[in-house]
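First to last, the sequence lines map onto chains B, S and C.
Take the first sequence: its position 238, counting from 1, is numbered 238 in the numbering used here, and each next residue is one higher.
Take the second sequence: its position 320, counting from 1, is numbered 320 in the numbering used here, and each next residue is one higher.
Take the third sequence: its position 11, counting from 1, is numbered 11 in the numbering used here, and each next residue is one higher.
Think of the hints as simulated: they come from the structure by calculation, not from any bench.
Treat each hint with caution, since some may be false.
As the list claims (entries may be wrong) - Which chain S residues face chain B? A few, computed with CB under 8 Å, are given here: (1) PRO70; (2) GLU71; (3) GLN77; (4) GLY149; (5) VAL151; (6) ASP155; (7) THR175; (8) VAL210; (9) LYS211; (10) GLU217; (11) ALA228; (12) MET336; (13) ASP338; (14) LEU347; (15) GLU349; (16) TYR355.
No residue lacks a Cβ here, since even glycine has one placed at the ideal position from N, Cα and C.
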Amino acid sequence: MALLAPAYLWLTLAVFLPLAVMLFFSFLHAAPFGHRPLILTLEQYRAFLQRPYLLDVAWRSISLALWTTGLCAAIGLPAAVALARATRGRSRQVLFLLIVLPFWTNGLVRIFSWTMVLREGGILDLALHAVLPSAPHFALLYSYPAIVIGLTHAYLPYMILTCYLSVSAIDDALIEAAQSMGARVPVIFAKIVLPLSLPGLMSGAILIFVPVIGCFMEPRILGGRVGVTMGTVIEDQFTQAFNWPLGAALSFIMLAVVLVIFGLTSRAVTTGPTAPLRA
Amino acid sequence: MTVKISRRGLTTLVGSGLALSFAPHVGHAATTEITVLNWKGYGTDEPTALRAFAAATGIVVKHDYFNSEPEMLTKLQTNPGAYDVVLINSARTQQAQSAELIAPIDLAALPNAKDLAPTLKNSPSLQAGGKTYGVSWVWGMNSLAVRDGKVVGADSFTIFLDPKYVGRLALLDDTATAIGIGALLTSQSINDPKDLPAIGAKLKAMKPNVKLLWSSEDEWNKAFAADAFDISVYWSGAAVRSKVRHKLPVDFIIPKEGAIGWLDGLSMPVASKKKDAALTFINFMIDPKFYLPWAAQAGAPASANQAAMAQLPDSDLSKQIHKPEYLTKLQFMGPMPDERRQAFANLWEEVKASYA
Amino acid sequence: MAQLGRAWLLAVVVFLYLPIAVMIVMAFNASPLYALPIQPSLIWFDTLASDTELLDATRNSLIIAMFTAVIATALGSLAAIALARHAFRGRSLLRLLLLPPIAIPWLITGTAMLVFFFWTGIGRGLHAMLIGHVALAIPYVVIVIGTGLETLRADLDEAAMGLGSTPLHAFFAITLPLLAPSIIAAALFAFAVSLDQFVVSYFLAEPGVTTLPVEIYSSIRKGFTPEINAISTIFLGVSTLLVLLFARLSNLGGARGRR
């Protein structure tokens, strides 16, 4: 179809073909530079078997992504609902803008600013001591929670935005009808708002879960020694080890896992009880 | 498209060549442009020096930067003809040479080469097949750096395992350095250790002390200033800069196990079309007239040029730290087969994962 | 209930702006090492004014981001509409193909693009960066507009056609206006993705011609000073004005009234 062609052609040229080259690299023994013979091998894909510590790292990345997506959903959906239903006109516009603006700050500067907030002797520590001088030091930097905070902060606007798109389209009549039949707020939320926000939640979840699995900046800067994820390991293959085949193989394994997870949840969503409700 | 730069440079060269031939009374040399590939802010892009160089020789120097050695090799590979001078650490010179990326250099063509310290000038890491592929430029050491006043009497890398410093250690996230320290602690060669598992065990044992891993001088400075750690591995030249320019209370120590030495060399890519200009630039880089202002204004690693080092004032911290006798006492990072480098990388990755 | 909602929103905003407030404040701190306590100073804005490299890089970022937003939104909208309208063979596959650009670490995609562009003669430069940015933004656009389409009631334009409208007219009169919030959101995403993109840009940048994120990323090695905070603060200020202007003109929050 002509509508699809431009976008997918662009993607093919700019992404799929280059990635196909990378896929080929992942079956090599060593990066194809110099006049080294090209040795085809499956050894990179056996990486998890040869390097069992990678399983821990992979699990850490997945749990990081789950935490971040979960927190973004827990914080973002209520915020989107509040934005769509509890605010009007000018104040809604202002709030909307405030939520979207952090997009326009550079990610690295933002992460670095978080170090100033979370570290020992940083903003939060100083604030705590101003109020309770004898409290123990607040040193959240270089820890797993710090990474989660940084990631949640970075990705929250995505979730709020996608949920807002769904929630703002919910017909007032539905809610009014439910209220007139005596339904209370939790019921309205569970039976009407939540199911109808599912598209927004799912899109937000994809746009957050997928990149977070491969992230490396937040773990590196906020995590200190605990900041080891699939993203940092893959990055190391390109910046320290010059082992492109291994880095590529790990990336494609990660992609496969993501596709499987997406495939499973997608089926659950389209065949689940909420399916008939959605247009 | 990829050879945009050299095409422009070529046009300039041809154009200026034509101009020269039609202007017999031209007063000074026509402009040539060369491109240097280096770390950002690492000497070759000092603005004052480049202006002086352009005025004296008519050669204008442009720069491209890299953030890691594999990246440097990738850039050389994917941009033939784009670069005329490239900085390559002596541990990687032979790797670049075997990938046919750099050209041999005749040291006799560089007047200042006679003052280079012999151990460095003739370092086997810079040679291949009887020819020299890198001009030794600057050297330094990776060693122990501690917080002055808080850490007293440190004289060994075993302090990294000392329970007194739990959570106060910052390690450098670099495979060669990490494995090297493990090697020094287990009395092995840093370039060819025979017992890798022992190194792995030593490094993993540091886990309780490790707070963070740093990978740039700036990161080190910011974290040290924020009191995040008290003991660390650090670069010698960087320690001088941190102390002198940022007034940070750091003590740089060569422990009894020894330290890891490194040597940076300037090489010439094979595909460069301006080899003469490149050699002129390299000669300028090893000239005391370049080194002394660089060291004074910005703080620099030790120069491979002995005459230059001798001309530094005795009060200069860099001169005091980079003692000439270290050149023969230190283990210098050297080349190694790809398989070994990969084994090191795997081990370090495993150690880092164990820290998490 | 509404009060609770507003309180929650306020808390979210505070959370979102905590590091940004720090970023702005640090732009006015004299210490190059970001040391506390704060010594108020305008020195970094001064340095910034004469730092043509950084200013050029910022300008490049903005230009590329704007082009990316326009192109990606246009291409992505078409694709999203095609994917949502009818079920056809291969639709699931096409949807799945949107994931690799955001799943694969940008480092891999960037390196792959570098090598591929080198082999095919596309090379490096602003044009290469634009190609890369649009490609990375398209999945976001398709997914966001897809969300909007899913939420849309398909029977509305069927109703319009039942009343005598042509499909094309129904599309322009009904679907498109209802999709407007999604399209705007998608454009915002595309703009943001391009603006913050440093990894792919880094690989595709020509020496001397870079973007702001690339400058910041490469400064990580050499050392970045609060000059970066200064430019980020100014950037934020300008973006605020632009978005305010845009919101004025397009009445973002008013979608609810149109049902």
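Hold the hint about S/GLN77 up to the distance rule: shortest CB distance to chain B must be less than 8 Å. Holds: closest Cβ of chain B sits about 5 Å from S/GLN77, inside 8 Å.
Interface hint compliance - S/TYR355 to chain B, C-beta minimum distance less than 8 Å: With Cβ-Cβ at 4 Å, under 8 Å, it holds.
Would the hint on S/MET336 be counted as holding, given a Cβ-Cβ threshold of 8 Å to chain B? violated (13 Å)
Hint status (Cβ of S/ALA228 to nearest Cβ of chain B, threshold 8 Å): Hint holds; S/ALA228 Cβ to chain B Cβ min 7 Å, cut 8 Å.
Using Cβ atoms only, decide whether S/GLU71 comes closer than 8 Å to chain B, and label the hint accordingly. holds (7 Å)
Tell me if S/LYS211 is really an interface residue toward chain B, meaning its C-beta lies closer than 8 Å to one of theirs. OK, holds: S/LYS211 within 8 Å of chain B, min 6 Å.
Quick check on S/PRO70 please, does its C-beta sit within 8 Å of some C-beta on chain B? Holds, because the Cβ-Cβ distance from S/PRO70 to chain B comes to roughly 4 Å (cut-off 8 Å).
Interface hint outcome for S/GLY149 [beta carbon to chain B under 8 Å]: Violated, about 18 Å.
Have a go at the S/GLU349 hint: is there a Cβ in chain B nearer than 8 Å to its own Cβ? holds (6 Å)
Evaluation of the interface hint that places S/ASP155 against chain B, nearest CB under 8 Å: Status violated, d = 25 Å.
Hint validity - S/THR175 Cβ closer than 8 Å to any chain B Cβ: holds (5 Å)
Cut-off 8 Å, beta-carbon criterion: hint that S/VAL210 touches chain B: holds (5 Å)
The structure is inconsistent with the numbered hints 4, 5, 6, 10, 12, 14, although it conforms to all the rest.
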